[in-house]
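Going line by line, the protein sequences match chains F and U. All the letters of the first sequence, read from the start, carry residue numbers 73 to 240 under the numbering used here. All the letters of the second sequence, read from the start, carry residue numbers 13 to 90 under the numbering used here.
With a Cα cut of at most 27 angstroms, we get these calculated DSS-like pairs of lysine-lysine:
(1) Lys143(F) with Lys73(U)
(2) Lys164(F) with Lys73(U)
(3) Lys164(F) with Lys70(U)
(4) Lys128(F) with Lys70(U)
(5) Lys119(F) with Lys70(U)
(6) Lys51(U) with Lys119(F)
(7) Lys138(F) with Lys74(U)
(8) Lys51(U) with Lys118(F)
(9) Lys117(F) with Lys51(U)
(10) Lys74(U) with Lys143(F)
(11) Lys117(F) with Lys74(U)
(12) Lys126(F) with Lys51(U)
(13) Lys126(F) with Lys73(U)
(14) Lys119(F) with Lys44(U)
(15) Lys74(U) with Lys145(F)
(16) Lys63(U) with Lys74(U)
(17) Lys44(U) with Lys117(F)
(18) Lys118(F) with Lys40(U)
(19) Lys74(U) with Lys100(F)
(20) Lys119(F) with Lys73(U)
(21) Lys40(U) with Lys119(F)
(22) Lys40(U) with Lys126(F)
(23) Lys70(U) with Lys138(F)
(24) Lys40(U) with Lys128(F)
(25) Lys74(U) with Lys126(F)
(26) Lys117(F) with Lys70(U)
(27) Lys143(F) with Lys70(U)
(28) Lys118(F) with Lys74(U)
(29) Lys128(F) with Lys44(U)
(30) Lys117(F) with Lys40(U)
(31) Lys63(U) with Lys164(F)
(32) Lys164(F) with Lys74(U)
(33) Lys145(F) with Lys70(U)
(34) Lys25(U) with Lys44(U)
No wet-lab data here; the hints were simulated from the structure.
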Amino acid sequence: MLYYESMYIVHPALEAGRLKDLILSIEKSLHSLGGETCALNVWGKKKLAYPINKEKYGMYVLFQFKNDGVKNKEFNLGLEHNSNVLAYLTTKIEDDTILSDLPSLDSQLGLLNPNTKESKDTDNEIKTTKEVVEEKISETKENSEEKVSEEEIKKTETEIVSDTKEEK
Amino acid sequence: MALSHQTKICPFKENKDLIVMINYKEHKFLRKFLTEQGKIIPGYVTGVSAKYQRLIAKEIKKARNIALLPYHVDPRNN
Chain F
73 MLYYESMYIV HPALEAGRLK DLILSIEKSL HSLGGETCAL NVWGKKKLAY
123 PINKEKYGMY VLFQFKNDGV KNKEFNLGLE HNSNVLAYLT TKIEDDTILS
173 DLPSLDSQLG LLNPNTKESK DTDNEIKTTK EVVEEKISET KENSEEKVSE
223 EEIKKTETEI VSDTKEEK
Chain U
13 MALSHQTKIC PFKENKDLIV MINYKEHKFL RKFLTEQGKI IPGYVTGVSA
63 KYQRLIAKEI KKARNIALLP YHVDPRNN
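Using the sequences and the hints given, assemble the complete structure.
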């Protein structure tokens, strides 16, 4: 068993749900050949250096796995016959280059959805900024009050001192 | 003797950490070794030693296959 990685470009029109199905089906085809998955990294939508099948953009997926080298031909054939895969490249890698500490596939695909998560995040950010501004205003108010009180105290002190001097 | 000062030192022999960057996934780094037209710059221009120039050429060709780097760029289209 050796380590391999295959990078493939998925058609950009696929939605997150269908993309997940495709990735899992490719993973399943590897498992049927007796391979093991090591890491799955979705790079996201990127501009291609040259158009493939008249598509200018593509979804890049990096898939690292452990497999018997003889079975790779069948795995590549599966990618070749998949109409949603624009291009693919399978290479041999060393075991120390395997990616680790990757988030789960759902979160990786969820981050790619700008409509659902980002809008929520921006709302939160707006709220937080509002809160921060309010806090700052209240802080400045308190500070100004404190300053005033301190100045008053100083003034009163100087008055008292001057009063005592005059009395003398 | 004047020629001896013009010899370039291989960047990969100066900094060993750069050797890991010779990978088709690091296409932004590999772009340094391409011309505007998308051709591979020869080692005698960049100063890269023959050993690493061979690796770079291989990785650039892999990156071209997966559309991370262009095969050729027509400057008239830009």
